[in-house]
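Protein chains in written order, with my numbering: chain A, 1 to 122; chain B, 1 to 106.
Among the clues, some could well be false.
Here are the simulated DSS-like cross-link-like pairs (lysine-lysine), alpha carbons at most 30 Å apart as the crow flies [said to hold, decoys possible]: (1) A:K73 - B:K106; (2) B:K41 - B:K106; (3) B:K106 - A:K43.
To give an idea of the chain A side of the interface with chain B (calculated C-beta under 8 Å), a few residues [what the hints assert, rightly or not]: (4) E1; (5) G42; (6) K73; (7) G113; (8) Q114.
Stretch-level coverage of chain B by chain A, calculated; a stretch enters the list once three of its residues show a Cβ under 8 Å from a Cβ in chain A [claimed, not checked]: (9) 46-56; (10) 60-74; (11) 92-102.
Quick caveat, the hints were computed from the structure, so don't treat them as lab data.
Just so it is clear, the structure is predicted and the values come from calculations on it, not from any experiment.
Glycine included, each C-beta is placed from N, C-alpha and C at the ideal position.
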Amino acid sequence: EVQLLESGGGLVQPGGSLSLSCAVPGFSLNNYAMTWVRQAPGKGLEWVSTIGTADNTYYADSVRGRFTISRDKSKSTLYLHLNSLRADDTAVYYCVKGRGGRNPDSRIFDSWGQGTLATVSS
Amino acid sequence: IQLTQSPSSLSASVGDRVTITCRASQDISTSLAWYQQKPGKAPKLLIYAASTLQSGVPSRFSGSGSGTDFTLTISSLQPEDFATYYCQQLNNFPLTFGGGTKVEIK
Numbered sequence: 001e002v003q004l005l006e007s008g009g010g011l012v013q014p015g016g017s018l019s020l021s022c023a024v025p026g027f028s029l030n031n032y033a034m035t036w037v038r039q040a041p042g043k044g045l046e047w048v049s050t051i052g053t054a055d056n057t058y059y060a061d062s063v064r065g066r067f068t069i070s071r072d073k074s075k076s077t078l079y080l081h082l083n084s085l086r087a088d089d090t091a092v093y094y095c096v097k098g099r100g101g102r103n104p105d106s107r108i109f110d111s112w113g114q115g116t117l118a119t120v121s122s
Numbered sequence: 001i002q003l004t005q006s007p008s009s010l011s012a013s014v015g016d017r018v019t020i021t022c023r024a025s026q027d028i029s030t031s032l033a034w035y036q037q038k039p040g041k042a043p044k045l046l047i048y049a050a051s052t053l054q055s056g057v058p059s060r061f062s063g064s065g066s067g068t069d070f071t072l073t074i075s076s077l078q079p080e081d082f083a084t085y086y087c088q089q090l091n092n093f094p095l096t097f098g099g100g101t102k103v104e105i106k
């Protein structure tokens, strides 16, 4: 069974930074695109960022220039670095695995972590 | 690409046939997936490529459509199906989700 284990959420002040991690012990990051999806309290799902198998990256307009997605294949860990945080970044952040490494499978989300809550508030 | 789901919520009884629609703001061929989310849980993939059932998902779930209009159907609603359902387009970045449809018990 695929496991995605997020950590790093917490309370941060507006303008602050946070780093989220997602450990994926059961499979190789070489073979799958990985994505972060967030969900504000009581709201719907919002795609945040995707990193492809060639380390190509994509961002939502709302986070581009503030968030950075990366991964360490040797540690089987995905990261999301969040800078210049705003109140509307408050959400549960899900680490998500694509079905594969190539389109369209890379954009189909077949395994999700349990989520980690990031709260931006003074 | 904007995705509009309807209805935003519905009430139904066990055994009912339920249909949820998702309309895309432009042609996305069959580049659409459906997810189910229960309260406090992560979403779960149900259908991709508009009509392909994900492994392990019960056959009472089905998807159809292409272009701009898509449908998720639950043929006979079961107690465990009460949840919120989201469509997602995977045709272009930025990837987008519909606003969700909450299926409640009548």
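Hints, one by one, checked against the model:
1. A:K73 - B:K106: violated, 48 Å
2. B:K41 - B:K106: Judged against 30 Å, a Cα distance of about 22 Å means the pair holds.
3. B:K106 - A:K43: Within the cut-off at roughly 23 Å; holds.
4. E1: It is violated, given that the least Cβ distance between E1 of chain A and chain B is near 11 Å, above 8 Å.
5. G42: Violated - the Cβ of G42 of chain A stays beyond 8 Å from chain B, reaching only about 11 Å at its closest.
6. K73: The hint is violated - K73 of chain A has no Cβ within 8 Å of chain B, the shortest such distance being about 23 Å.
7. G113: Check passed: Cβ of G113 of chain A comes within 7 Å of chain B, closer than 8 Å.
8. Q114: holds, 6 Å
9. 46-56: Satisfied; 3 residues make the cut.
10. 60-74: Check failed, 0 qualifying residues.
11. 92-102: Coverage by chain A holds for the region 92-102 of chain B (8 residues, Cβ < 8 Å).
Figure legend: structure checked against the earlier numbered hints; hints not met, in rising order: 1, 4, 5, 6 and 10.
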